[in-house]
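Take these sequences, add in the hints, and give me the full structure.
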Amino acid sequence: MIRSLFLCLAFLQYFTTADSIAQTRSSTINRTVSQTLPKTVKIVGSGGFRGLEAYQSGFLISNKGHVLTAWSYVLDSDVVMLTMNDGTKREAQLIGFDPRLDIAVLKIDVADTPHFNLEIDTTAGVGDRILAFSNLYGVATGNEPVSVQQGFVSAKIQLSARRGAYQSPYQDDAYLLDAMTNNPGAAGGALTDLQGRLVAMVGKELRDSKTGAWLNFALPMEKLTDAIKRIRAGEMTSSSDIIDRPTEPISAALLGFSLVADIVQKTPPYIDRVVVGSVAAENGARPDDLIIEVNGQMTASVKDVLKQFQRTDRDDTVELTVQRGNRFIDMKLQLVK
Amino acid sequence: MKLQRTMIFMISTIVLIASNSDSRAEEESSADASTVETSLKAGSDNPRSTATLQTPPALVQAEGLRVQAIQKAIQATVCIFGPKGQGGGSGVVISSDGYALSNYHVVEACGAFMKCSMPDGVLYDAVIVGIDPTGDVALVKLLGRDDFPTATIADSDKVQVGDWCFAIGNPFLLATNFQPSVSMGIISGKNRYQYPSGTLLEYADCLQTDAAINPGNSGGALFNSDGDLVGINGRGSFEKRGRVNVGVGYAISINQIMYFLDHLKSGRLVDHATLGATVESDSEGVVRVNDVLPTSDAFRRGLRYDDVIVSFAGRKISTVNQFKNVLGILPKGFTPKIVYQREGEQFEIVVRLAGVHATGQLTEIIEGKPLDPPAIPGIPPLPTPDDSEGPEEDGDGEKADPEEASEGEELHPYHHLHIKRRGFSNYYFNLLNRNRVWEKFIALGGIWDQQPGRWRITGVVRDDMAADEVPFQLMLGDQKSGIRIGDSSFVLDSTEDLSQQLVPPETGGLLVALHLWRAMLVEGPQQFGDVYYFGGLPARRVANQQAEETVDVLIATRGVTETHFRFNRSKALLQSAEMFPEINSDPCRLAFLDYQRDGDLMVPRRIQFDAGFGSPEKTLVIERIEFLQKRVEENAK
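Quick mapping for you: the protein sequence lines, in order, are chains A and B.
The numbering of the first sequence is my numbering, which starts it at 778 and goes up by one.
The numbering of the second sequence is my numbering, which starts it at 14 and goes up by one.
Keep in mind the hints are simulated off the structure, nothing from the lab.
Model, not experiment: these values are computed from the prediction.
Mixed in with the good hints there might be a few duds.
What the hints assert, rightly or not - Computed list of chain B residues with no C-beta within reach of chain A, every gap over 10 angstroms:
hint	residue
1	Gly95
2	Pro96
3	Gly202
4	Asp241
5	Phe312
6	Val323
7	Gly346
8	Lys382
9	Trp461
10	Pro465
11	Met478
12	Asp500
13	Val535
14	Gly627
Stated by the list, open to error - Partial selection, computed: residues in chain A whose CB lies under 8 angstroms from chain B:
hint	residue
15	Ile806
16	Asn807
17	Gly864
18	Leu895
19	Gly919
20	Pro922
21	Gln926
22	Tyr1047
Said to hold, decoys possible - Here are a few chain B residues that face chain A, going by a calculated C-beta distance under 7 angstroms:
hint	residue
23	Ile199
24	Ser201
25	Val259
26	Gly260
27	Val261
28	Thr332
29	Asn334
30	Glu482
Yeah, the Cβ is synthetic: ideal placement off N, Cα and C, and Gly gets one too.
Structure follows, in C-alpha cells:
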C-alpha cells in the first residue's frame, strides 16, 4: 500500500503530443476544476461548538437544484444555508435522508444549474487518479470556491469504521484514497476522475474500527444512486427509526424528575417536579431548572431533551447543564451505581 | 468506461533528491512495474491486461520535465537549523548575495544567527535581517558567498487552481544530510483569506496546496511546475490529527512578499497596513464602509460611513474577504487608489495606509515592554555601505545595543553583522541601507555640510491654477527660519514645538518642511537625530513622469514631527520630502525638481509643494540660492 503512494497510472488516450504533455496534464486538471466547481456547494447549518463544525460540503445532482450531501447534525437545523460557487446564498430544504448510507438530499429553488448527471455511471479502479472537491476545514470562506485535492484510489475496501465508540452506519464498499480528503467539513464533497466525472461522495471523518487510523475514503456513487432516487421520489423522508438506538433508553421518569408539559413547538425544557430521594434529587436538580445541555448537546426544547435521552442508554451517565437564575450548574446523573 | 482505456502505464513520482542517478531511477522504474503487474493480478474485480508494460516516450518526457524543474528549483532551497540544534525550518535564496526568505515563526526560534544547509552540501552561517510578524515572513542573509544559486520569482497572480506545484524543504527537520525533501501536489485554492491565529498572524490572499506541508516545511518554497517560486509555505490546518499534514497547506504568495522585500531589507519589524475603516457586505455583493476612524487618512480624503467600495488598489471588491485580501498584502505606508460610490456618484481617492499596529505596539508584542537602557552602553561597529567606502561616523552609540552585550557567550564569527536595537530585528542592515542611500546622494548631490550657514533663497511662488506669480524670499537657518511671500512674512523658531508653527497658512507647514530639509542636508542623518531607513516605496507623482519608480525612504524625527525624505533609487537624488507635523496629520509635501549644478552642489530649481493628497499644488521657482557664512552669534546659542 505504501508503494502505491509512489505509483501513478496515466492513460495514453488523454495525451497526444509529447512536447506539451506536462502542460496538457496540468491544463486537464485546470479545465476539470473550472467545469466542476460550479457544481459544488458549501453547506452551513447547526453546530459550531465543542469541535462540531457547523459546515460541510455538497454538490448539485439535478437541474432542479437537488444537492447530495452527508447526513449529519449539520442538517439538523431550522435553516440550512447553501453557498453556491458564485457566492450566492440560498436556503435549502431537506428532502430526505438515508441513515444507513449516511446521505441526505437537499433542494434549493433554482433552475438549470450546472450539475452532475447521475445517469452516467462512472467508477474508478485502484490506481486511478481522482480529484476531491470539498470545503475541508471551512477554508473557503465567503464566496471563495471550495478546495481541490488530487490523489489516487489506493484500494477498494469494505468500510469498517467508527466515530468515537459508535460504528458508522455505512459498512459497504468504499474507495480508500491516498489524498488527505476526510477532514472537518469535507463530508459530502464530490470525488471525480480527471475528466470531472462523478465517482463518489467524500465520507465523514472516521477511524478504522480495528486500527484506529483516520481513513480517507469516499462512497461510490453506484452504491448511492438507488437511494437518491427513492429519496427524491419521497419514499424516504423520515426513517430515523433505522438508527441504532439503545434498546433501553434513559428517561426523565427513571432519573426521577418530570419536564413541563410540551405544549408549543419549542417548549423551554424546564424541570417541573423532582422526586424526593431520586437520582435527580441526589444530584441537586430542582424544579424550575432550565436544561440547556444534555451530554454536551444544546437543548432548546423539551423535544430536544427527550431526543437526547432516547439516544442514551440507561446504563450511561447523563450529563446535564441547567440554568438556575443566572447560574449554570453541571450535574452527572448515573442510574446504575 | 474503464474498459475503453486501452493501455495502462505508470510513471513514478518518487521524491527526487539530488543524489538520484539515472541508473538508480531505472531500477526504481522496473521495480515499480513488477509491483503494478502483481497488484493488478491480485485485484479480483480488475480484469485488466497484464501484458508487458512499456512506458511511452511522452510520459518519459513529462517526467523528465518535472525532474528538470525540481533540479532547477532545489538548488536555491535552504534547510534552516537553530545554532544550538534547537528548532529549524526551511527557506529559499532569492538573490545571489544570499538574501533568503523564510517564516517569522521559524527564524524567531533560532535567534539572530542560524545555520543553513544547501543542496551543495555546505552549511552556511546566516543572520537575521528583517521580519514581518503579521505576515509571518522573515528575511535572512546567508553569508560566505556572493554567488548563491537563486530561485526564479514567478507571478503568483497567474497561478491557477489545479496547477501542479511542489514544496521543497525540511519537513520534520529530516535534512540532517543537508538534502531537502520534495513533495508534490496541486494548487487547491487561491486568494484565500485566513483569519489571524491568536492576535498577530494573518494570511491574506494566500495559496492553498495539497502538497504535503509538515512541520519543518515552514518557510520553504512552493514552486510551480516550471520550478519557479510562487510562494512561501507557512501554515497548515493542523487540528485534530496532531501536527502532521492533513492535505491543507498555505503559502504566502510571492507577490505579497515582493511588496515587503525592500522593507524587510531595512532590518526593521515591518508592519502591515490598515485603512482605518472597516467594511461589511450584503448578500448582493455590495461592500460598504461600516466604520471609519476620524483620525485616519481615509477619513481626511473623504471616505465616510455607508460609502460603497467599488475597487481597492485596482482590484474589484465584492466581498469583505476580497477587501482584506487586498489590504493584507500591502505594507504600511503604501498609497493605493480607492474607488467608492455615494448616492450614485463615483469618487476616486489615493489613501496613505497606516500601520496595523500603533507606534511601538508591534515592538512591544515582539520584544516585550521596554526595559531601562543599560548603564554603560557599548559602541556598535558601524557598517560601511556595500558599494561605498565612505567614512564611518559616530553618533548612534547611545541608541544601539550591540551583539557583544550578550554576556558570557562566545562571540559569533559574524557578530559584527548583527546590532540589536529596539524596533529592529537587525539594526546593522538599517544602518547599511541608510548609509548607502545617504552616501550615494552625497556623492552625486554634493557635500552639504560645508554650507552650515544660513541659506537665502529668492524667487517667485507660482500658482498654476490661478495663473499667478508672487515673489518670495526665504531664509533658512539653524535656529530660525523665515519666509516672505508677497507682503506676508512668517517666522519659525526651531526651539519651539514645530508642530505648532505650521506657516504659511494652508501650506501644511511649508516653512517647517523647508527648515527640516536644510537641517537634514547640513547635518546629515548622523547629526539630525533619529533617522532610520524605512525601505522602498513606489514613487508618487513626479512631474512630467508617469512611470512608477522606487524611492528609498529615510524617516527623520524631530520632536513629534516626522519627515520622510524620499530618494530616487536610480538617480540617487532627493526627490521629495513629506513633513508630517504630528501623528494622524496630513503632510506638507515638497517635490524637488530641475536639479542643477551650483558649484559642488546639485540644487533644485523648483520646489513643488502642497498640503497632502488632493490639495492645491504650488511651486517655488528659485531664482537665486545663496549660502551665507556661519555667524558667530547664531552659533552661540
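* So which of those numbered hints doesn't the model satisfy? -> 3, 18, 22, 30
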